[in-house]
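Here the sequence shown is numbered in the working numbering, starting from 1 and rising by one per residue.
Because the hints were derived from the structure by calculation, they are not lab data.
Heads up, some of the hints might be wrong.
Said to hold, decoys possible - Across the chosen pairs, the derived CB separations fall in these ranges:
hint	residue 1	residue 2	range
1	E113	D43	30 to 38 Å
2	N63	Q87	17 to 25 Å
3	E113	E50	31 to 39 Å
4	A98	T44	33 to 41 Å
5	R4	G64	19 to 27 Å
6	P76	E54	16 to 24 Å
7	R4	H84	27 to 35 Å
8	D61	T97	27 to 35 Å
Claimed, not checked - Under the rule of at most 25 Å between Cα atoms (straight-line distance), these lysine-lysine pairs were calculated in the DSS-like manner:
hint	residue 1	residue 2
9	K23	K60
10	K112	K60
11	K23	K33
The beta carbon of each residue, even a glycine, is placed where N, CA and C say it ideally should be.
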Amino acid sequence: MLTRSDGLALIKVLIAAAWADSKLSQAEINYTKQLARKFQLSDTDWTELEPYLEDPPGQKDINGLFQDLLSRIATPAVRDEVLHHLQQVLAADSGMTAEEHDFLDEYTTILKEASTVDLLLGRVRGLFRR
1 MLTRSDGLAL
11 IKVLIAAAWA
21 DSKLSQAEIN
31 YTKQLARKFQ
41 LSDTDWTELE
51 PYLEDPPGQK
61 DINGLFQDLL
71 SRIATPAVRD
81 EVLHHLQQVL
91 AADSGMTAEE
101 HDFLDEYTTI
111 LKEASTVDLL
121 LGRVRGLFRR
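Take these sequences, add in the hints, and give me the full structure.
Right under this line is the structure:
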């Protein structure tokens with residue numbers, strides 16, 4: 001299960017994924033708002049998300065956001081939850097563009113190739129980083 005801070009990291013990745021087709025739809029924004037409520041994000045947390053909502057992040061930023069999220073994943077169940085949310089946000093606007101599909105494929109492969117040991121080590125590294 002993802003914590004509030006993990007949820008914030010997840011939503012950042014989901015917003016980056018939603019920008020994969022160079023536009024952020026209202027349905028994709030609504031999905032992120034729904035998750036923000038689920039994870040009980042504060043106004044300060046939401047303020048941290050605003051730059052990602054205004055402009056698409058660059059590839060370097062996306063990689064950093066994804067690495068941060070990956071360091072928080074400790075179990076295959078959480079990995080599956082992340083994949084579920086990625087699929088949902090990309091399908092939120094009633095269709096998935098080729099760019100969004102490519103984004104999903106790329107990051108699904110990375111998530112699925114991470115073994116349980118890799119996930120646990122990433123989690124430990126993440127704890128020390130904080």
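Now for the hints, and whether the structure bears them out:
1. E113 / D43: 30 to 38 Å: Given about 37 Å between the Cβ atoms, the range holds.
2. N63 / Q87: 17 to 25 Å: holds, 20 Å
3. E113 / E50: 31 to 39 Å: holds, 32 Å
4. A98 / T44: 33 to 41 Å: holds, 36 Å
5. R4 / G64: 19 to 27 Å: holds, 20 Å
6. P76 / E54: 16 to 24 Å: violated, 34 Å
7. R4 / H84: 27 to 35 Å: At roughly 18 Å between Cβ atoms, H84 and R4 fall outside 27 to 35 Å, so the hint is violated.
8. D61 / T97: 27 to 35 Å: With a Cβ separation near 20 Å, D61 and T97 fall outside 27 to 35 Å, so the hint is violated.
9. K23 / K60: holds, 18 Å
10. K112 / K60: Holds. K112 to K60 sits at ~21 Å (cutoff 25 Å).
11. K23 / K33: Since the Cα atoms of K23 and K33 sit roughly 17 Å apart, the hinted pair holds (cutoff 25 Å).
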